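**Q** Each chain is listed here by its residues.
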Amino acid sequence: MTKTVLTIDDSRTMRDMLQLALVEAGYRVIQAVDGIDGLETLSAEGADVVITDINMPRLDGFGFIEGMRADPNHRSTPVLVLTTESDAAKKQRARDAGATGWIVKPFDPVKLVDAVRRVAA
Amino acid sequence: MTDDPFEAIKVTFFQECDELLSDLEAGLLAIETGAADDETVNAVFRAVHSVKGGAGAFGLDDLVRFAHVFETLLDEIRSGRKPCDDATVKTLLRAADLLADHIAAARGQAPAVDETRSAALVAELEVLTHGEASPVVAVLPDAIAEEDEFGFRPVAFDLSALDAPAAPSEAAGTVWRVVFRPHARMYANANETGLLLRELARLGSVTVALDHSALPGLADLAAEESYLTWTVDIETAAGEAAIREVFDFVESDCDLSVTPVPASDRAAAPEPADDFDIAALLAKAMADTPAAPPEAVVIPPPAAALASPAPTPVSPAAQPANQAAPAVTIRVDLDRVDRLINVVGELVIQQAMLAQRVVESGLARSSGVSVGLEDLELLTREIQDSVMAIRAQPVKSVFQRMPRLVREVAEMTGKRVRLVTEGEATEVDKTVVERLAEPITHMLRNAIDHGLEGPDDRIAAGKPAEGTVRMVALHRSGRIVIEISDDGRGINRDRVRGIAVSRGLIADDAILTDEEIDNLIFLPGFSTADAVSDISGRGVGMDVVRRSIQALGGRITIASTPGKGSTFTLSLPLTLAVLDGMVVTAAGQTLVAPLTAIVESLTPRAADIHHVGGHDAVIRFREEFVPLIDVGHVMGFRAAPTNPSSGVAVVIETEAGARAALFVDAIQGQRQVVIKSLETNYQQVEGVAAATILGDGRVALILDVDAIVANARRRSGRPDLKLAS
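Protein chains in written order, with the numbering used here: chain A, 1 to 121; chain B, 1 to 725.
Next comes chain A alone, as it looks inside the complex (with noise of 0.2 angstroms):
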């Protein structure tokens, strides 16, 4: 069954991207353009795998995972943070905000899609 990545990125270029390399790998997208739009795209339509910016505006990407994370139905969804940040305190907090992986922009299309089935079952 194809799979649904939920993409949340305030940028439209990475969205774009992220789209452009799923779909071509063969996933369903769906799209959110923040942190709350995330959580409401989240709710409303459901998702195998999250990925998320971090720096947004309104809810950042670490809000974002603990709203998701306390939602019962979300609990165990995978969920990885994109961030061109690679430094060990950044993963540290998506980590702990309960983040499941991470992706580093700007991303190689190909470790993106790894990463994506790495953690989608």
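Since the hints were made in silico from the structure, they are not lab data.
Any given hint might turn out to be false.
Computed Cβ-Cβ distance ranges for the label pairs, DEER-style [unchecked claim]:
(1) A:K3 to B:E39: 48 to 56 angstroms
(2) B:H475 to A:K3: 31 to 39 angstroms
(3) A:M1 to B:D4: 24 to 32 angstroms
(4) A:A70 to B:P262: 46 to 54 angstroms
Stretches of chain A that chain B covers, calculated by requiring three or more beta carbons in the stretch to come under 8 angstroms of a beta carbon on chain B [to be verified]:
(5) 13-26
(6) 94-108
These figures come from a predicted structure and were not determined experimentally.
For every residue, glycine included, the Cβ atom is placed at its ideal position computed from N, Cα and C.
Given the coordinates of chain A, work out where chain B should sit on it, guided by the hints.
**A** Then chain B, alone, in the frame of chain A:
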């Protein structure tokens, strides 16, 4: 547009860059005026960050390098590690300008950014970031390759790599033993052992053994605890790094050891995992929990899958209310909107024709048809307004380009300028917005270059050293008005007059009011700069500005107070698609005069009409003589002027404020007409601005009153000014 999805995303990226640049500038300006909060600083950071992110994906290295240095400083400021004082904001604003230049260059819309200029600014940013110039040497071309320096390496986005075959799963090589004991947190973050094992299996052939000895009886089992340990022997050529990479995400959430297995130990490989006996485990669980009813017996799930009492989900409503959700919008091809507007235009015409037929048929106004038609008219109006609203855009897109211009002109002239804007949200038709940029640019340059004094002169005049230029947009009586005012020296009327006389624009004994003198600067061939300056000169005079505004059906005027400053007022129709007009008849032709130009109409009395010279006539109008122009004659509908007392004189005012009376045979009435371009369908005709289709289906020409007046003046050899009263 392109079919290549990657190119299409690039187009999107540059569009997004425009938006990010304006967010960036708006944020920096808010910081400059002290109107910023933490979110503003964050938004500014995000803008540069997003530019860098996208640029990295497209391999736009120059852009990435500059954005990176810029972003680093913003990050310091965002986190409070570096102060954001006035000088810093000024540097940031210049950095924003340079970022825009880098983007334009990457887009191929501008030449490459001057390396020295970029390097100088990078050095400045680095001093602000590190407290001193860093030894990095900001813009070494290959600096980007230094991963340590930038913290990341851009990876160009190459989709074709997706088609590459997967790594071979069967490969002879070393045998590694992986002992893996997940912590509870690994499961809490939605990582699953099964998936990790699957990844391992992609590297080579695996043998998996499960150690479930730590698993307690059901009574003691904590649903979210982790009790299992896996031992995996894997034969692979991939190496230890590849194996560890599988556990990259869970490294700190598990105990992991990866060790090579000497050939001698291979016999002692762990027992296969299928030794794991569910039935035995269940039996054990049952035995351990004798009091539990059978329904309570549950097979232990792979840890975290069991739900615990749910904490309250974060409600979006709990978010700060002042952060508005992004407006829901759709992008529509402009052609479709224009088509809709055209069709609605036809609808308006059709509706008017229908109304006229009904009137002609002699039906009573109270008849059902007439009443229904009135409702239809209201609806048509409403549709038309709604359609026009689709094309309406706030003038913000033009206004926000101006701060940069002001900074640049201020720098060039050595003046200190503060730009104050108001009414950015004022909406006007897209085509009008697009054509506003040039005249506004010119007027702003003019205001700073000619209007404002230098700091020393200002202080001497008792003014603050920093001059203020205000740019205001507002709606006034169905038009958009843009005012650009400065608190500078005002127009030097003696000088303007002197220039006008010396250029032969007016007679040296002409008696002019102050207002008339001020408006002389709009005459063709007038330039107040003694030497054409690089700033407002550019080979374009105010006459060109005025003409371009008139071409849009607009007006421009100036009001000035010596020593206090000048105000340019620009007024434009909200749309270029419809016009409120006065329908008149001249020499049997139906014509439309734009209502905005009309002052009043009157029936001339023979006593008020005076002939001057051969053909020219003037008419007394409110103690003032204005030229009387026979429209039927000047438009070529009849060979000689007719007797003026047999028709109507429509007094009009041109954009320059000159008045004239247009003589026509009769006035039919006032109505809104849909503008049809004459150039598109035929060719430009002097004295005719456009055409329209009237309710009875006839085509009527819309008069270009300014051109008619100018034409009439040329014939009589008078300057383009009204006669003194």
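**Q** All hints, please: hold or fail.
**A** Verification of the supplied hints:
no., hint, result
1, A:K3 to B:E39: 48 to 56 angstroms, "35 angstroms, violated"
2, B:H475 to A:K3: 31 to 39 angstroms, "52 angstroms, violated"
3, A:M1 to B:D4: 24 to 32 angstroms, "30 angstroms, holds"
4, A:A70 to B:P262: 46 to 54 angstroms, "49 angstroms, holds"
5, 13-26, "holds (count 8)"
6, 94-108, "holds (count 11)"
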